[in-house]
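**Student:** As a plain string of letters, each chain reads:
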Amino acid sequence: MSGGNFFEDFRLGQVFEHAPSRKLTEGDAAVYKAIYGSLFESETLDQLLVFHTVFGMSVGDVSLNAVANLGYAECRFLQPVLPGTRLRAVSQVIGLKENSDRKTGIVYVRTRGFADGAVEALTFARWVMVRKRNESAPAPETVVPELARAVAAPHAPGGCESFAVGQKIDHVDGTTIAEAEHAMATRLFNNTARVHFNQYTESKGRFGKRLVYGGHVISIARALSFNGLEGTDLEAINGGRHAAPVFAGDTIFAWSEVLDVQGAALRLRTRATKDLPCDAFPETDGVVLDLDYWAVLRR
Amino acid sequence: MSGGNFFEDFRLGQVFEHAPSRKLTEGDAAVYKAIYGSLFESETLDQLLVFHTVFGMSVGDVSLNAVANLGYAECRFLQPVLPGTRLRAVSQVIGLKENSDRKTGIVYVRTRGFADGAVEALTFARWVMVRKRNESAPAPETVVPELARAVAAPHAPGGCESFAVGQKIDHVDGTTIAEAEHAMATRLFNNTARVHFNQYTESKGRFGKRLVYGGHVISIARALSFNGLEGTDLEAINGGRHAAPVFAGDTIFAWSEVLDVQGAALRLRTRATKDLPCDAFPETDGVVLDLDYWAVLRR
Amino acid sequence: MSGGNFFEDFRLGQVFEHAPSRKLTEGDAAVYKAIYGSLFESETLDQLLVFHTVFGMSVGDVSLNAVANLGYAECRFLQPVLPGTRLRAVSQVIGLKENSDRKTGIVYVRTRGFADGAVEALTFARWVMVRKRNESAPAPETVVPELARAVAAPHAPGGCESFAVGQKIDHVDGTTIAEAEHAMATRLFNNTARVHFNQYTESKGRFGKRLVYGGHVISIARALSFNGLEGTDLEAINGGRHAAPVFAGDTIFAWSEVLDVQGAALRLRTRATKDLPCDAFPETDGVVLDLDYWAVLRR
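Residue numbers (numbering that gives the first Met the number 0), protein chains in the order written: chain A, 0 to 298; chain B, 0 to 298; chain C, 0 to 298.
Since the hints were made in silico from the structure, they are not lab data.
A few of these clues could be false.
Pairs involving identical chains hold if they fit within one copy or between any two copies, as the list cannot separate such chains.
List of simulated lysine-lysine pairs, DSBU-like, C-alpha gap at most 30 Å [claimed, not checked]:
{"#": "1", "residue 1": "K96", "residue 2": "K22"}
{"#": "2", "residue 1": "K203", "residue 2": "K131"}
{"#": "3", "residue 1": "K102", "residue 2": "K203"}
{"#": "4", "residue 1": "K131", "residue 2": "K22"}
{"#": "5", "residue 1": "K102", "residue 2": "K22"}
{"#": "6", "residue 1": "K167", "residue 2": "K131"}
{"#": "7", "residue 1": "K203", "residue 2": "K22"}
{"#": "8", "residue 1": "K96", "residue 2": "K167"}
{"#": "9", "residue 1": "K167", "residue 2": "K203"}
Turn these sequences into a full structure, and let the hints guide you.
**Tutor:** Written out as C-alpha cells, the structure is:
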C-alpha cells in the first residue's frame, strides 16, 4: 500500500478487499466514549464508531491520495454490531470522472462492512477527489453513479409528538478539539490518511497544520445533539458534506432541523459550525459540516 | 435537560433518576489507567472511577448551572464494582438555601449509585452553588442538612504499624495536566458541565480558559499518593473541598497527613497543590484540593 | 519505593519482584491502538505493549534514578499474551560498573515477564546509568555481562522473496507526538519515571521540558513500518539504542534496512528520526532510535 492508489489506478467495477480487518471491542467503545462523550446509550457499538472504522479501513486503498472527501450517500446501518466483532471492509469502484484540469479525478466507491466476515452491517457510497500520479495518463470513460438523495425512511411505528417538520434545535454546547483527541480517534479507526498525523510535513503544506478527519466532526456533532435529540438512534445517513476544514483548537457547535417525520422516524439535517454558537441557526457562515440523516425515536 | 435546572427549579425532597445509565467496562478502566496511571491494584474498578461516573451522571440534572462545587461529605463505597456493571444514579434534594445576593442558592443533594440496577454501590452528599434563572423568583424555605464531619471508621482488624497519627507523607512526584487528558476523563465520566469542554465560550468567561473538573485533581492526587500509601484501599470520603481552580498546564503535587488510625484503617487528609512541590507540606499556599478520607491497609 | 534505588543500593545477583502486577485487557489494547495506530493484526496483545508494560513495572525498582537508558539486548517474546492476562515482572542485577566520575554507575538487569504468574512470556536485558545517592559510597566490583549481539534467528520455514539483504525501506509517513499521547501511553505501561509527567520540575531541568519515554518512539517506529513491512510479526529485539532525546511536538519518521534473511525470518534495523523524512535513509543525522530486531513473515 506504500504510496496508495492514484486516479489512473482505479478501474470501474474494481473491488478492494481492505486489509487488515479490525476487531472492535469494549475497549474501543471506551476510547470512543472518552473522545466524544456521547450520551446516546446502547449495548451495541455506536453506529458512528462502526462507520468510521469501516471508512478508515478503506482509506489505504481508496483515499490515501485524496485531495478532498467530497461526500457520502446511501449509508445504512443494517445490523447492530456488538463488542467483540471483527469487521471486514470491501469497496467497489462505482464511478470515475476525470476533472477538466486533468490533474485529478473523482472516484466513487461503495463500501461495505461485514461483521465477523459474513453479515453485512453497514453500506455507504462516497466520492473523493484523487490526484493523478501522471497527468498525461489517459482519462477513463466517465461514469457517474445515480445515488439516492435520501435513504427510504426507516420503518418505525409510533410517533414523534415532540418534533415537527421545520423545527430547529440548538444543541447549545461546544467542544474544543485537541490535537491528541482527533489523532487518537483517527488511529482508532485505522485511518492512515497522512494529513491528520504529521505536523512536520503539514506545516509546509496547504493549511500549514494538520487537518482534522471530517468524521471526527460528525461524531462531535452527533454527541452534542444529545442535548435536544436524547432518545434517538441513528439509523441511516442520507448525505454529508464537509463545508470547511477543521483544525485542533477549533470549537465545534451544532444545530439540527427536522426535515421529515415518518412515524417514529425523524429525518434531520445537522449543521456543525466552528467557533460560532448555533443559537441563531447559521445556515452557511461558520458551517463546517452539513449532515442529513434518519434517526428513530426509541420507545 | 437542554438548559439544566436553576436554583428555583429545585424542591426539597425532589428525586432525580439520572439518565442515561452507564455501563463501566475493562475499556473504561484502561482509559482511566492511561489518564491517571494509578498503581493501586485491584480486580474491581477503581473506586474513584465509580465515584466520578455516578457524580458525572448527576451533573445534567443537578449542577449544569452551578457556579461552584462547594463540597462533598458522607461518601461511602458500599460494594466493589466489577467491570461490566451498569451503573444507575439517583439524587435527592436534601437541602436548599438561597444566598443573600438572591442571584444564587445552595442545593444539597444525596446521590446514590446502583450497580446493575439494584445493589447500592456508592452514596455521597454534595452541595453546589447554583444560579437562579430569575432573580425575583421566591426563595424556598431554608433547610441545611446535618452532614457528618466524618464517616465512621471502616471495620478493619489488624494494625498500621508503619503509620502514626500526625505523620506527614510527601508523595514527591508531580503530574502536569494536558487539555486532552482532563477533557477525555470528564467525558468518560458522563460529566457534561460546559466549562470543561468549550474553549471558545470560556475564553470570554470567568477564567479566560477551560476549567478542569475538580474530580480530575482528586484522581491525580490519589494516584500520586501510591508513593507512600501503596497497599491501601480507598474506603470512604469524609469530605472534600476544591480550594482553587485548576487549568490545563498546571502541575499537581500532593502530600498526606495521617489524621487517625483505627486497626488497619487510616484516616488521611490529602492536600494537592499546583505548581508547588510538597516537600514542605504546604497547608494553604498553592493548595487546590483538601480531601479527608478513610483507607484500609490491605493484608 | 519512595525515592527509588540509587547506584550503591544495587547488588550483583539481587532480585526484584516488581509490584504491583498488571493485568492487560482489551481495554489496554484499545488505548494502545489509539495512541500508536499500529495496523499489525493479531488476536494476541501487541508484543510492544507487553514489552513496555514489563519494562514499566521494573522502573520503580531499577531506573527511577536513571540518568539515561543505555540499551536493550536479548529480548525474546516467548509466548503470545492474550487479553485478560495478568503480568508479573522480575528483574535480576546481572552487572554493575561504577563510572569514573564516581557520581553514577551502570546497572545491568535481566527482566522477565510472567503471564498469569507462571509462564515466561518475555525476557530482556537492559542497562541504565543510575545516579549515586552518595558520591563517597564505595564502588562495587565491576561485572559487565556478556550479552549476545543478536538473538538466534527465529525458526521460520518458508521464504521472504520480496526482501533481500541490504534492502532499504522508507516507511514514508510521520507521526507528531502530543504531550497527552506519550504521557497516557507511559502511564498505561505502569512506568513512573518522573521526567515524563512533570512539566513544572522539568522546566527547570536538563532539557527544560518533559522527556518522551524512549519506548514510545519504538512503538511509533514499528507502527509506521507497517507501510513496507505489513504481514510481519515482531519476534525478538537484538538491541536498541536511543540516540537523542525526543519531546512532544517532534515528528517521528522511520526507515528499515534488511540485515539478514533466514527462511521467513527477517533481521531488520529500523532507524527513527525526528523532524526529518527518511527518503534519503539517514544513518546518523536526526536519528533518535536505532533498533535491531527479528520479524517473521506471516504465511
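**Student:** All hints are to be evaluated individually against the structure, with a verdict given for each.
**Tutor:** Verification of the hints:
Proximity of K96 to K22 under the C-alpha cut-off of 30 Å is found in neither arrangement, the shortest distances being 34 Å within a copy and 47 Å between copies. Taking CA atoms no more than 30 Å apart as the test, K203 paired with K131 passes inside one copy only; the shortest distance there is 21 Å, against 46 Å between copies. When the C-alpha separation of K102 and K203 is checked against a cutoff of 30 Å, the pair qualifies only within one copy, where the shortest distance is 21 Å, while the shortest distance between copies is 45 Å. With identical chains, the CA atoms of K131 and K22 are never at most 30 Å apart, being 33 Å at best within one copy and 48 Å at best between copies.
When the C-alpha separation of K102 and K22 is checked against a cutoff of 30 Å, the pair qualifies neither within a copy, at 37 Å, nor between copies, at 50 Å. In this assembly of identical chains, K167 and K131 lie within 30 Å of each other by CA distance solely across copies; the values are 26 Å between and 42 Å within a copy. In this homomeric assembly, K203 and K22 never come within 30 Å of each other (Cα to Cα): the closest approach is 36 Å inside a single copy and 43 Å across copies. For the identical chains of this complex, K96 and K167 are neighbours neither inside a copy (37 Å) nor across copies (37 Å), given an alpha-carbon limit of 30 Å.
Taking the shortest Cα distances, K167 and K203 sit within 30 Å of each other only across copies (26 Å), while inside one copy they are farther apart (41 Å).
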